[in-house]
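A.B. asks: Sequence:
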Amino acid sequence: MWCIEIMKRITIDKLNIYQKYGGDNDGFARAGKEVEKQKLNSEDWALIDELIQSLELISNGLASGDFAKKTLSRLAEMADEQAYRQLTKV
Numbered sequence: 001m002w003c004i005e006i007m008k009r010i011t012i013d014k015l016n017i018y019q020k021y022g023g024d025n026d027g028f029a030r031a032g033k034e035v036e037k038q039k040l041n042s043e044d045w046a047l048i049d050e051l052i053q054s055l056e057l058i059s060n061g062l063a064s065g066d067f068a069k070k071t072l073s074r075l076a077e078m079a080d081e082q083a084y085r086q087l088t089k090v
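1 is the number of the first residue of the sequence shown in full-length UniProt numbering; add one for each residue after it.
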């Protein structure tokens with residue numbers, strides 16, 4: 001039986017870069033180091049943005065139970081364990 005580990009798209013390294021720039025994509029584009037830009041692309045940045053916004057809606061009681069369940073499930077699929085724990089502290 002083959003066991004294939006799915007590569008998680010959102011890693012703690014990517015999340016740390018995102019947080020270093022306070023979620024400011026323009027600031028990252030202007031001041032980000034080349035090595036950071038190689039690790040965190042615009043698609044991953046947008047995904048982190050989307051997930052954080054969704055988690056804020058959930059934590060503020062502005063989302064349905066179904067939305068919360070789908071968001072947390074998607075987050076579990078997309079993020080490594082450390083990034084998941086960091087994001088769900090919100």
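For the record, the hints were derived by calculation from the structure and aren't laboratory data.
Model, not experiment: these values are computed from the prediction.
Glycine residues also receive a C-beta, built at the ideal position from the N, C-alpha and C atoms.
Warning: the hint list may mix true and false statements.
Claimed, not checked - Distance ranges between label pairs, derived from CB positions:
no. : residue 1 : residue 2 : range
1   : E77       : G22       : 37 to 47 Å
2   : F67       : K37       : 24 to 34 Å
3   : G23       : A76       : 13 to 23 Å
4   : Q19       : A76       : 11 to 21 Å
5   : V35       : K70       : 12 to 22 Å
6   : T88       : K20       : 18 to 28 Å
7   : Q38       : K69       : 18 to 28 Å
8   : Q86       : N60       : 12 to 22 Å
9   : E43       : R85       : 31 to 41 Å
Unchecked claim - List time: in silico DSS-like cross-link candidates among lysine-lysine, alpha-carbon distance up to 27 Å:
no. : residue 1 : residue 2
10  : K37       : K20
11  : K89       : K8
12  : K89       : K20
13  : K89       : K37
14  : K89       : K70
15  : K20       : K33
16  : K20       : K8
17  : K20       : K39
18  : K33       : K69
19  : K69       : K37
20  : K39       : K8
21  : K70       : K33
22  : K33       : K8
23  : K89       : K69
24  : K70       : K8
A.B. asks: Now tell me, hint by hint, if it's right for this structure.
C.D. replies: Here is how each hint holds up against the structure:
no., hint, verdict
1, E77 / G22: 37 to 47 Å, "violated, 26 Å"
2, F67 / K37: 24 to 34 Å, "holds, 32 Å"
3, G23 / A76: 13 to 23 Å, "holds, 21 Å"
4, Q19 / A76: 11 to 21 Å, "holds, 20 Å"
5, V35 / K70: 12 to 22 Å, "violated, 34 Å"
6, T88 / K20: 18 to 28 Å, "holds, 20 Å"
7, Q38 / K69: 18 to 28 Å, "violated, 34 Å"
8, Q86 / N60: 12 to 22 Å, "holds, 19 Å"
9, E43 / R85: 31 to 41 Å, "violated, 23 Å"
10, K37 / K20, "holds, 13 Å"
11, K89 / K8, "holds, 19 Å"
12, K89 / K20, "holds, 17 Å"
13, K89 / K37, "holds, 26 Å"
14, K89 / K70, "holds, 17 Å"
15, K20 / K33, "holds, 12 Å"
16, K20 / K8, "holds, 20 Å"
17, K20 / K39, "holds, 14 Å"
18, K33 / K69, "violated, 36 Å"
19, K69 / K37, "violated, 31 Å"
20, K39 / K8, "holds, 13 Å"
21, K70 / K33, "violated, 34 Å"
22, K33 / K8, "holds, 23 Å"
23, K89 / K69, "holds, 16 Å"
24, K70 / K8, "holds, 17 Å"
Taken one by one, the earlier hints fail for this structure at numbers 1, 5, 7, 9, 18, 19, 21, listed in ascending order.
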